[in-house]
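Asker: In order, the protein sequences belong to chains L and S. First residue of the first sequence? That's -15 in the working numbering, and the numbers climb one at a time after it. First residue of the second sequence? That's -15 in the working numbering, and the numbers climb one at a time after it.
Hints in this document: simulated from the structure, not taken from any laboratory. Check each hint, because a few of them may be wrong.
Note that identical chains are pooled: a pair holds if it fits in a single copy or bridges any two copies.
Straight line, CA to CA, 30 Å or less: simulated DSS-like cross-link-like pairs of lysine-lysine [claimed, not checked]:
| id | residue 1 | residue 2 |
| --- | --- | --- |
| 1 | K256 | K330 |
| 2 | K28 | K423 |
| 3 | K256 | K342 |
| 4 | K330 | K303 |
| 5 | K342 | K303 |
| 6 | K256 | K303 |
| 7 | K28 | K297 |
| 8 | K342 | K56 |
| 9 | K40 | K256 |
| 10 | K372 | K297 |
| 11 | K56 | K40 |
| 12 | K40 | K155 |
| 13 | K247 | K364 |
Computed from a predicted model, the values in this text were never measured in an experiment.
Each chain is listed here by its residues.
Number of protein chains: 2
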Amino acid sequence: MDTWQSYLQTNRQRFVQELMELLRIPSISTDSAYRQQVLQCAEKLTQYLQQAGAEKVEIFPTAGHPIVYAEKHIGNHLPTVLVYGHYDVQPVDPVELWHHDPFDPIIRNERIYARGASDDKGQLFMHVKALELMVQTQSLPVNIKFIIEGEEEIGSPHLADFVAQHHDLLKADVVLVSDTAMISLEQPSIDVGVRGLAYVQVELTGPDHDLHSGVYGGAVPNPATILCQMIASLHDAHHRVNIPGFYADVEEVSAEERQLLAKAPFDLEAFKRETGITEVWGEEGYTVRERIGIRPTLEVNGIWSGYTGEGAKTVLPAKAYAKISCRLVPHQDHQKIVRLLTDHLKQIAPACVRVEVKTLHGGDPYVLPITHPAYQAAAKAMQTTLGKAPVPVRGGGSIPITAVFQQVLGIHTVFLGFGLDNDNLHAPNEKFDLANFYKGIETIPYFHQYFAEAIRLDSPRSSK
Amino acid sequence: MDTWQSYLQTNRQRFVQELMELLRIPSISTDSAYRQQVLQCAEKLTQYLQQAGAEKVEIFPTAGHPIVYAEKHIGNHLPTVLVYGHYDVQPVDPVELWHHDPFDPIIRNERIYARGASDDKGQLFMHVKALELMVQTQSLPVNIKFIIEGEEEIGSPHLADFVAQHHDLLKADVVLVSDTAMISLEQPSIDVGVRGLAYVQVELTGPDHDLHSGVYGGAVPNPATILCQMIASLHDAHHRVNIPGFYADVEEVSAEERQLLAKAPFDLEAFKRETGITEVWGEEGYTVRERIGIRPTLEVNGIWSGYTGEGAKTVLPAKAYAKISCRLVPHQDHQKIVRLLTDHLKQIAPACVRVEVKTLHGGDPYVLPITHPAYQAAAKAMQTTLGKAPVPVRGGGSIPITAVFQQVLGIHTVFLGFGLDNDNLHAPNEKFDLANFYKGIETIPYFHQYFAEAIRLDSPRSSK
Chain L
-15 MDTWQSYLQT NRQRFVQELM ELLRIPSIST DSAYRQQVLQ CAEKLTQYLQ QAGAEKVEIF
45 PTAGHPIVYA EKHIGNHLPT VLVYGHYDVQ PVDPVELWHH DPFDPIIRNE RIYARGASDD
105 KGQLFMHVKA LELMVQTQSL PVNIKFIIEG EEEIGSPHLA DFVAQHHDLL KADVVLVSDT
165 AMISLEQPSI DVGVRGLAYV QVELTGPDHD LHSGVYGGAV PNPATILCQM IASLHDAHHR
225 VNIPGFYADV EEVSAEERQL LAKAPFDLEA FKRETGITEV WGEEGYTVRE RIGIRPTLEV
285 NGIWSGYTGE GAKTVLPAKA YAKISCRLVP HQDHQKIVRL LTDHLKQIAP ACVRVEVKTL
345 HGGDPYVLPI THPAYQAAAK AMQTTLGKAP VPVRGGGSIP ITAVFQQVLG IHTVFLGFGL
405 DNDNLHAPNE KFDLANFYKG IETIPYFHQY FAEAIRLDSP RSSK
Chain S
-15 MDTWQSYLQT NRQRFVQELM ELLRIPSIST DSAYRQQVLQ CAEKLTQYLQ QAGAEKVEIF
45 PTAGHPIVYA EKHIGNHLPT VLVYGHYDVQ PVDPVELWHH DPFDPIIRNE RIYARGASDD
105 KGQLFMHVKA LELMVQTQSL PVNIKFIIEG EEEIGSPHLA DFVAQHHDLL KADVVLVSDT
165 AMISLEQPSI DVGVRGLAYV QVELTGPDHD LHSGVYGGAV PNPATILCQM IASLHDAHHR
225 VNIPGFYADV EEVSAEERQL LAKAPFDLEA FKRETGITEV WGEEGYTVRE RIGIRPTLEV
285 NGIWSGYTGE GAKTVLPAKA YAKISCRLVP HQDHQKIVRL LTDHLKQIAP ACVRVEVKTL
345 HGGDPYVLPI THPAYQAAAK AMQTTLGKAP VPVRGGGSIP ITAVFQQVLG IHTVFLGFGL
405 DNDNLHAPNE KFDLANFYKG IETIPYFHQY FAEAIRLDSP RSSK
C-alpha cells in the first residue's frame, strides 16, 4: 500500500537510529558478567514496543534471562500471528578481529556493523517497526503477539517451559520468525527447514596433573593426543559421521524435493569467496546446499589442552577438552543423538584415560510444508515487494524453539528472513544491509495481509 | 682420603650456612623484574669461588644474564675438568602452595627447603665446596674450570655462542655436571643420556574467518577436525611415531645395555601414583623406563581452536593450532627431525586447508658411553663413598648444552647428580637432602682423583 511505503520513507532514518541504540547494549547471554546488560536490553525493547503501539507489554522473569511479551489485539475474528525473536547476542571473541567496537555500531557502505546487527536485533526490530507502521497507518490486518527471549544464543533453556506454562497467552495461528537468511534481494528465498542441534563437551583426563614431557613423555597417556584420535574416528573416509545409528532416523529426501531445492541458485565460486576456502568439504553424494540443508553433520566447535601461550612449554597435559556438535535433520531426535554420541565417545576412549561428556545444548529439527498458507503468504509478500517469487531453501542452522511451538502450541513456524549469508553471524564484523532492513519492514505488513486473507478464505483455524 | 672426610666434618655446618646465603637471592631468570638479583647472585658466586681458592674468577656479560667463569690450574701435565652449572632458578608460582618463603631457606628434617635448593644452586655449590676442600688439603688431582650460567631455566639462549667464542678458555678433557637426580643414596645411579628435542607449532586454516556451524557446517573444511585427523595419524596402532624416516637414525640399544638399564629398580605402582594415571601407555615392545630413556617420542604439548569458553558456541573455526614436540635419542638430529615433521605435516594436510609449521625449539640428544673413563671414574667414586656401584640410567629430559659441549669443544659430559626425584624441581617446596649435599661434596674429589688416574693410565688426550 502506498501509505506503508511513504511512512517507511519518512521514518526509516529514525528506525536505523533506534536500532543502533539497541545494538549499543552488550546483551551477551552466555557470559554472566553481562547479566545486567541483558536485562537492560529487555527493558529498552519494551520501550520500543510500547512506542510502536503494542499493549500488555511485560517482562517475564525466568531462572535465566527474561522473556519480553507484547501484543496488539484488534479483533477476535482475525487470525493471530505470534512473532518470535531474541534480543541476546553471541560473544564477540576474537575481539581483535573486529574493525571497530562491536557494541558501538557504525554504518559503512549502507551496512550497519555491530554484534547483533542481523542476529537477531536487526531482524527482530523490523517487526517492531512494521507494527508501528501498521498501527500508525491504521492498517493492521491481524492480531499480533510478540515473544522475545534473551537466551536463544545459549539454547533457550527456559523458553519451552515458559511456552508450556503460557499456552493461552501465546495462542496463535502461526509463528513468524525473522532470524534466518535469504539468498539475496534479487533472488529471494525462504527457509522451510532448520536443522536440530545436539551439542556436547568432552573432557579427557590422562595424568592427574600436568607432567614434564621429557621426564614422562612416551610412557604416559597424553589426553590431547588421544582426544585427537577419538575425534578423527568420528568421520569415515567419505566424510560421513561414523557413529553407529547416527543416520538411522534421517529422512531420505525424495528426488522431487531435491530437484525443487536445487532450483535455488548456487554459485560455488561465490561460496568459496564468502568463506575463504579453497575447496569445499563434506559428505559424498550430496551437493553443498544438500550437505547444509538436508544432511546431518558433526563439527568440532572448540578444542583445547595443554600450553597455548607463546613459545614452547614442554608439558604433557593432564586434561584435554572439546566442544562437539551435531546438526540434525528430520526425524532425528536431539536427545537420542546426544545419547548416541555420549555413549560412543565413552566406548571409544581407551582405558588409560577417563572421559566425561556433558550435554550443553539441544533441539529438534523442523520443516514447514510449502503448501502451508503461511508459506504461501510469505512467498506472495516477497513477490510483491521484491518483484520475484522466492525459492524454498533448507537452512543449515538451528532454531529449536520451532519444534517446541509445534509440539506445545500445535502451530507451524514460517521464516521470513532478511539476513544474508555473508552477515558474519557469530563472527567478527557482523553486519546487516540497510536495504534488507528496509525491505523487511516493507514486506512484513504484506505477509500479515496475505495471511489474514488466506485464513479468511480458508475454513476457520484450518491452518493449525 | 681421611683428610677430606675430616675437613668436611669440621666445616659442613658452615657450608650449609653459605649455601643458604646463595639461596636467599631470588635469581629468577625468566622474569626481567629480577634482573638485578640475578646479577647479584652471579657476584655472590664469584666471592665464594675466590674464597674456595679459584683464580681468574670473572663475570662475562651476555645479551642476557651473565656467565661466571673461574679456574684452578695446577699443572699442564694434568687433565682438566670443566664444571658446568647454573645459578638461575625457576619462578615460584604458585607461591601459595609453598609452606614458607621460597627465598628464606629453612632446614627441616635434615632437608634444606628453598627455590634452587637442588636445582641447581645446592648441587652447584657442592663443586665450589669440593674445590675448597681439595685446595685447603692440598690434594687437587686435576685442573678445574667452572662455567656457570644464569639462563639455564630459559633455555640457555647465549651459552652456545659463548662456548664457541671461548673455545680456548674452556679447553678441557671432560664436562662434569651435577644438575640431575639419582635414585637414592642406597641405590646410586648415574644419568648417562638426555633426550634431544624438536618442538614445532602447527597452524591450520580452513575458512578465512570463523563461520556459523549451522549455516556452513557439513560443507566447509573444519581445521579443528582436520588437525585432529592429522595428529591422530602421527602414531600407529602400536604407539610408534608414524612419520616416514623418524626412526631411521635411532640407535638400537644392545640387549646388553638394555639389561644393564633394567637393573635400575622400577616400581610401576609408585609410577602410577606419582602421575595419577590408571594405565601406562607407549611404544610396544619397550618397558616404561625404556620408553622414557632410549626411545624417541612425539607428544602434543598444546592444542587450541574455536570456542573454548563456558557453554556452547556454534562456531566453525577458521584456525586450529597445535604445539607438538619430539624427544630424540642418539643419533637423531633435531634439525632433521624438525624437517621430517614439518614436511610430513604439510604432506598429510588435505588440499582444503592451509598449513604452516614454525620451529620453536630444538636440541640434540646426548649419551655418554659407559666405557668412557669419566663414567668409570664417576661410578668408582660413588662406589667409594656410598658403598654400592651405581646403575646407569637414561633420563627422558633434555639438557641441550651437553650436545653443544660435544660439538663445539669435542668433549663428553658426565652427570654426577645428587638430587632425588622427589626434590620438587620447578614446583613448590623444592628441597635438597643435607645427606645428599654432604655426600656430593665427599664424592666429587674422588671423581677427580679417579679421572686423573684413568687419564694418566690412558694415552694422552684419548678421552676426547
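Asker: All the hints need checking, so say for each whether the structure fits it.
Answerer: Outcome of the hint check:
In this assembly of identical chains, K256 and K330 lie within 30 Å of each other by CA distance solely across copies; the values are 22 Å between and 36 Å within a copy. In this homomeric assembly, K28 and K423 come within 30 Å of each other (Cα to Cα) only inside a single copy, at 24 Å, whereas the closest approach across copies is 76 Å. Taking the shortest alpha-carbon separations for K256 and K342, only the inter-copy value of 27 Å comes in at or below 30 Å, while the best intra-copy value is 34 Å. In the homo-oligomer, the alpha carbons of K330 and K303 lie at most 30 Å apart both inside one protomer (16 Å) and across protomers (27 Å), since each shortest distance falls under that limit.
For a Cα distance limit of 30 Å, the shortest separation of K342 from K303 qualifies both inside one copy, at 15 Å, and across copies, at 24 Å. In this assembly of identical chains, the alpha carbons of K256 and K303 lie at most 30 Å apart only when taken from different copies (16 Å versus 36 Å within one copy). In this assembly of identical chains, K28 and K297 lie within 30 Å of each other by CA distance solely across copies; the values are 26 Å between and 48 Å within a copy. Neither within a single protomer nor between protomers do K342 and K56 lie at most 30 Å apart by alpha-carbon distance, with minima of 42 Å and 62 Å respectively.
Neither within a single protomer nor between protomers do K40 and K256 lie at most 30 Å apart by alpha-carbon distance, with minima of 47 Å and 65 Å respectively. In this assembly of identical chains, the alpha carbons of K372 and K297 never lie at most 30 Å apart, being 59 Å within a copy and 35 Å across copies at closest. With identical chains, the CA atoms of K56 and K40 are at most 30 Å apart within one copy only, with a shortest distance of 8 Å there and 94 Å across copies. Taking the closest pair of Cα atoms, K40 and K155 come within 30 Å of each other only inside a single copy of the chain (15 Å); across copies the shortest separation is 92 Å, beyond that limit.
Only within a single protomer do K247 and K364 lie at most 30 Å apart by alpha-carbon distance; the minimum there is 17 Å, versus 86 Å between protomers.
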